[in-house]
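My numbering puts the sequence shown at residues 1 to 671.
Just so you know, the hints here were simulated from the structure itself, not pulled from any lab data. Hints should not be assumed to be uniformly reliable.
Estimated spans, in silico, between C-beta atoms of each pair [what the hints assert, rightly or not]: (1) Arg-287 <-> Ala-494: 15 to 25 Å; (2) Ser-664 <-> Arg-97: 38 to 48 Å; (3) Ala-285 <-> Ala-398: 34 to 44 Å; (4) Asp-489 <-> Pro-603: 31 to 41 Å; (5) His-671 <-> Ser-516: 35 to 45 Å.
All C-beta atoms, glycine included, are put in the ideal place defined by N, C-alpha and C.
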Amino acid sequence: MTPPVSLLFGVHAHQPVGNFDQVLVEAHERCYRPFLQTMYRFPEFRFAVHFSGWLLDWLLGRYPADLALLREMVARGQVELFGGGDTEPVLAVIPTRDRVGQVTRLSDRLERSLGQRPRGAWLTERVWEATVVPSLADSGIRYVTVDDYHFLCLGKQAPELTGYFSTEEDGHRLDLFPISEALRYRIPFSRAEDAVTYLESLARGADAAAIYFDDIEKFGIWPETYEWVYEKGWLEQFVRGVLASAKIRTRTYADYHASAATRGIIYLPATSYIEMNEWTLPACAARDYADLVKVARDSGRYDKDKAFLRGGIWKNFLFRYPEANWMHKRMLRLSERVNALPAPARRGETLDLLYRAQANDAYWHGLFGGIYLPHLRRAVYHAIVALESRLDAIAPRAATVVEDLDLDGIEDAFLHNGQLQAVVRLDGGASLMELDAYELGHNFVDTLRRQPEHYHRKIELGESIEHSGDGIASAHDRIAFKHEIATEDLATDARGRTAFADRWIAAGSEAVDIASYRPQAPSTEHPAIAFRGGTGGLEVAKRIAVAGQRLLVEYRLQVSGPGNFETELNLALPSCDGPAGRYVVAGRIPGGFGQPLALDALPEIVLEDGVLGGSLTVKMMPPAHLDAGPFFTVSQSEAGFEKIMQAVTLRLAWPVETGVTELSVVLEISH
């Protein structure tokens, strides 16, 4: 008689650092709680669970009774806890010292709060690079889960992937379990009895394992899944079907790992799951990739060829999104500064802030991933700004520092005084790419340019997918719209969305961006930098300085003919499209941040934000014409295509006559 297949069933639970409290509450009530309550009733069904550290802390504080069920399931041997990075970083893109620190911190947390120290680890987004092996091994991790796709890419065949394999790097061993894509797409989307039947078909010999490890959010949070999994009983039907089958036995990964031998040595390529490899590609390349996939599907060769139709790697996001690359390099520099501290200072809140700045979600985008979500980027910047403030108090920097931090070939000037920091891009535009208020822990220029995305083609073509069959559609297959999207919403930006990007409009001529600013030698003693530049008929001297809680931008214009001088400020605030964000002019409220606003001869406007707990006052001398409006981007999520307000765009304009004109704009932070 053929031995039963060992079902190694695992679920991964994570919420981004900085996610809204109401989102976490809904996730628990619609997913985490009913999942734990259902599984608790079946102690003989063994499985693995991974919770990221930030989410676990939140759940322990808010729902201790529900987490007590998990603790009891661990104690009775039903549940194996998996570790990983504490704040769910992509381990391959943080320094080795932080990999070990993050993994060790979560292992300590799990042992302390749930009574078990993990031997297995979940890799964030299944991003694999061999460089992570020594760090995981040094952290006490003996095995991780990756996709079977990783193995197919080097020539393995699916029928071979019924156990674990071993790899090594720099003398360190790590064992690898290949997660079955076929199971990922069946659980929980096909009928429970069909999933059980498929598992039974995998009973093909001694030590055969069916390996599943995927997002727990598929069990209640993804569209349609709460009704399907709990109200219609999919999860209980599946568990009962598995336990009733003589061809399946549930085991923990630890139990299987201890009793079965490795299937041999393996060296995996740098990759992630197959969908991620498409998402990492720039729009044009992603469209070419999608066309190749379609040809393979239409010809019936896709299952055979998909391993060789590889897209990009996760690190592509750092060149696809300059804003992600900037955050990443800001984080790396702060990690260097933390590492340079005396050992007693490299702990506690200092590490908390560094690790929060490494949380993966705000650095990428696909169907998931949150670089388009301002509140997730804001959480990363809050950690970066707060950590930088702590480090400056211990080891002060020069008032002005010039360097090419993000390795893009263009230097940037950091102007700071302990209260405020302006980062000016020295690319000819002399505009601000970052404006940090240290006491508020906020970057006022944290926005995102509009750029082409490969899924925009689905919107342009009006594609739709109708699901057929007895199950429900996976989020990967659904095409839905949270908002009405027009063609003009898909326009792209030629440059980043910065602050103080200047234009000149000579009388009777088109607007011209001023892109010829040349920096003058900055002083390292004072946070200020000066520029000279211009365009046809216009010469400009521009000076940017930081003083107290104020940013001062001064212009001296010399023109040979009349025209209009404009500067554009893209300002990100927490309440961009909510009721807590509003404009105030001379004591009255002309509108909220989500509304257009036009005012003439305006000397001052205040941007108040109740969530931020502070305000930003813009003062103009002489008074300027103001055009303000919301700035939106279009992105996708598991719920569909949506418009997201990234910032308010303020355009300030002054008429300029022949000769010399002096202008100034002051941004003043209040809290």
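Evaluation of the provided hints:
1. For the hinted restraint 15 to 25 Å between Arg-287 and Ala-494, the CB-CB distance of approximately 20 Å keeps it satisfied.
2. Checked against the hint of 38 to 48 Å, the pair Ser-664 and Arg-97 passes, with Cβ atoms roughly 45 Å apart.
3. The hint said 34 to 44 Å for the Cβ distance between Ala-285 and Ala-398, and at roughly 41 Å that hint holds.
4. The supplied range of 31 to 41 Å is met by Asp-489 and Pro-603, whose beta-carbon atoms lie about 34 Å from each other.
5. At roughly 37 Å, the beta carbons of His-671 and Ser-516 sit within the given window of 35 to 45 Å.
The structure shown violates none of the earlier numbered hints.
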